[in-house]
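Visitor: Chains as they are written, first to last, in the numbering used here: chain A, -4 to 156; chain B, 10 to 124.
In case anyone wonders, no lab produced these hints; they're calculated from the structure. One should not assume that every hint holds.
Which chain A residues stay away from chain B? Per the calculated CB distances, all over 10 Å, these [what the hints assert, rightly or not]:
hint, residue
1, Thr11
2, Ala13
3, Leu19
4, Val46
5, His57
6, Phe89
7, Glu92
8, His93
9, Val102
10, Glu110
11, Ala127
12, Glu128
A few chain B residues facing chain A, derived, Cβ under 7 Å [to be verified]:
hint, residue
13, Met40
14, Tyr100
15, Arg106
For lysine-lysine, the following PhoX-like pairs were computed, each having C-alpha atoms within a straight-line distance of at most 25 Å [stated by the list, open to error]:
hint, chain 1, residue 1, chain 2, residue 2
16, B, Lys75, A, Lys73
17, B, Lys62, B, Lys75
18, A, Lys134, A, Lys73
19, A, Lys73, A, Lys47
20, B, Lys107, A, Lys47
21, B, Lys75, A, Lys135
22, A, Lys134, B, Lys107
Note that beta-carbon positions come from the ideal geometry of N, C-alpha and C, so glycine has one too.
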Amino acid sequence: MNVTSHTDVEALTLTTTAELSATLERSWQLVSDPRQLERWWGPPEWPSTFVKYEFEDGGRAHYYMQGPDGERIHGWWKFTSIVEPREVSIEDGFADEHGEPSGDLGVTTARLTFEPIDAGTRLTIHSGFESAEQLEEMKKMGMEEGMREAMGQLQAILDES
Amino acid sequence: MVVDEFTDADVDAIFRALADSTRRDIVTRVMNDGISVSRLASRYEMSFAAVQKHVAVLQAAGLVSKHRSGREQIVRGDVTTIHRIQELLSYFEDVWRKRALRMGDVLNDDNRENR
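Next up, chain A with everything else stripped away, as it sits in the complex (with noise of 0.2 Å):
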């Protein structure tokens, strides 16, 4: 598959483009259907899992990602715009155990547009960031995820042995 992507610095936007080879209607079901969108939203080290999922304008999502020792990360969605099978809009943040926003790391956005094309569909993605310090925030967040994992990987060689 072609995944393409660019970062716009001064406006701390990042664009994404997948050719997407399945019909419009199908490729839509992975962002309308919340099974198959947990088969993608978190990586396969911490899957996700929506227990909520209103997908219309104004609706909300509540989703956690587990970790390798067990450990829950979640977030919640807001719709901010849905136009069917072409356009979803949504807002991302960090929630409590029970989907409300815990206001941590602020909001990031993210518009997924899909056009029909011969090869199947064009799928891009705009992500949005607040601010350089939001983006160093969640990194830092991404990277003890990634230490975590190792440490949980560590403690698995051990429990063999």
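Based on the hints, put chain B in the right spot on chain A.
Guide: The following block gives chain B in isolation, referenced to the frame of chain A:
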């Protein structure tokens, strides 16, 4: 200015500095090579003092540095600041790239089921 981590004040300064088109133009021009303030001033339809003011704003944000060479003041882009932001965005670029690849995997799975 510490570039490993940005404080709110640093970020404000950077975005205020880059909000002006002349200042963005100056940063682009001095990124690869140092240029004197007087040479920069000759490229814009504004006074030497006005250009110097723009340079001072960029300098305060850590986007350029200024040093003396004989009678000239040379302005040079501070690549570390720009690189730091670029590096951060690249990290999230990778997050979305991997998501897009996993979407492809989900779609490939149904092709396999249909076969």
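Visitor: Against this structure, judge whether each hint is valid.
Guide: For each hint, the structure was consulted:
Threonine 11 of chain A, annotated as away from the interface, has a beta carbon of chain B within 10 Å; the closest lies near 4 Å. Its closest Cβ contact with chain B, about 4 Å, brings alanine 13 of chain A to no more than 10 Å, contrary to its assignment away from the interface. The claim that leucine 19 of chain A is not at the interface with chain B holds, since no C-beta of that chain comes within 10 Å of its own (minimum 12 Å). The beta carbon of valine 46 of chain A sits about 20 Å from the closest Cβ of chain B, which is more than 10 Å, so the claim that it is off the interface holds.
Distance check on histidine 57 of chain A: its Cβ is at least 19 Å (rounded) from any Cβ of chain B, clearing the 10 Å threshold; non-interface status holds. The beta carbon of phenylalanine 89 of chain A sits about 15 Å from the closest Cβ of chain B, which is more than 10 Å, so the claim that it is off the interface holds. No beta-carbon of chain B comes within 10 Å of the beta-carbon of glutamate 92 of chain A; the shortest separation is about 23 Å. Distance check on histidine 93 of chain A: its Cβ is at least 25 Å (rounded) from any Cβ of chain B, clearing the 10 Å threshold; non-interface status holds.
Every beta carbon of chain B lies more than 10 Å from that of valine 102 of chain A, the smallest distance being close to 14 Å; the non-interface claim holds. No Cβ of chain B comes within 10 Å of the Cβ of glutamate 110 of chain A; the nearest lies about 15 Å off, and the non-interface call holds. For alanine 127 of chain A, the non-interface assignment is contradicted: its Cβ lies about 5 Å from the closest Cβ of chain B, within the 10 Å cut-off. Once the 10 Å rule is applied to beta carbons, glutamate 128 of chain A is inconsistent with being away from chain B; the minimum gap is 5 Å.
Restraint check, methionine 40 of chain B versus chain A: the minimum CB separation of about 12 Å is more than 7 Å; hint violated. Against a cut-off of 7 Å between C-beta atoms, the interface hint on tyrosine 100 of chain B holds, since the closest Cβ of chain A lies about 5 Å away. Hint on arginine 106 of chain B holds. Least Cβ distance to chain A is approximately 5 Å, under the 7 Å limit. Annotation: proposed proximity of lysine 75 of chain B to lysine 73 of chain A is violated, straight-line Cα distance about 46 Å (limit 25 Å).
For the given pair, lysine 62 of chain B sits about 12 Å from lysine 75 of chain B by alpha-carbon distance, which is consistent with the 25 Å threshold. At most 25 Å may separate the alpha-carbon atoms for a hinted pair to count; lysine 134 of chain A and lysine 73 of chain A meet this at roughly 22 Å. As the CA atoms of lysine 73 of chain A and lysine 47 of chain A are separated by approximately 11 Å, the hinted pair is consistent with the 25 Å bound. Taking the CA atoms of lysine 107 of chain B and lysine 47 of chain A, the gap is about 24 Å. The hint holds against a cut of 25 Å.
A C-alpha spacing of about 32 Å is found between lysine 75 of chain B and lysine 135 of chain A, which places the hinted pair above 25 Å, so the restraint is violated. Between lysine 134 of chain A and lysine 107 of chain B, the direct Cα distance comes to roughly 15 Å. Compliance with the 25 Å bound is thereby established for this hinted pair.
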